[in-house]
Amino acid sequence: MSSNEESMEDSNGHSFGKVKQRFKDRSQVTHLMGVLGFGAFCFILGARPKDIRYVYCLFYVIFVPLRWIYYRYKKWHYYLLDFCYYANTIFLVTLLFFPTKEKLFMVCFSFAEGPLAWALIVWRCSLVFSSVDKIVSVFIHLLPGK
251 MSSNEESMED SNGHSFGKVK QRFKDRSQVT HLMGVLGFGA FCFILGARPK DIRYVYCLFY
311 VIFVPLRWIY YRYKKWHYYL LDFCYYANTI FLVTLLFFPT KEKLFMVCFS FAEGPLAWAL
371 IVWRCSLVFS SVDKIVSVFI HLLPGK
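In the working numbering, the protein residues as written are 251 to 396.
Treat the hints with caution; some may be incorrect.
Subject to a maximum C-alpha distance of 25 Å in a straight line, what follows is the list of computed DSS-like cross-link-like pairs (lysine-lysine) [what the hints assert, rightly or not]:
1. K353 - K300
2. K384 - K324
3. K325 - K384
4. K300 - K351
Hint data in this document are derived by calculation from the structure and do not stem from the laboratory.
With these hints in hand, go ahead and build the complete structure from the sequences.
Take a look at the structure:
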């Protein structure tokens, strides 16, 4: 083993190559899950468009708390005070508790087709399948408009 390889070993004995391989494997699994999830979403959108609201509710209940935990760990939790999370919460409440309120629907529609849709362009949200954070960002801004 050369002196360069010895210096790359950390206290646990893991070499840089092993850590790099683990990161590559995780990236490939994340990419696969992102592609399959997006494909499933597109299939449901085409096959059963009335069930998109259930997909949205499931997505919101799972991924927004996970994002809060991740952002809290990274000390980015103040990003969660952004308008898009308030708009998504109002949309979720409308779907679950007030599905027949026409004025509330108009407010949610205005939010979804206005600020949330433009945020995709302005903040350059990109659909990068190997990044769960970017996929969640795209869906947070895109799903209320569907």
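Status of each hint after checking the structure:
1. K353 - K300: holds (21 Å)
2. K384 - K324: holds (15 Å)
3. K325 - K384: Roughly 18 Å between the alpha carbons, so the hint for K325 and K384 holds.
4. K300 - K351: holds (18 Å)
The earlier numbered hints are all upheld by this structure, with none contradicted.
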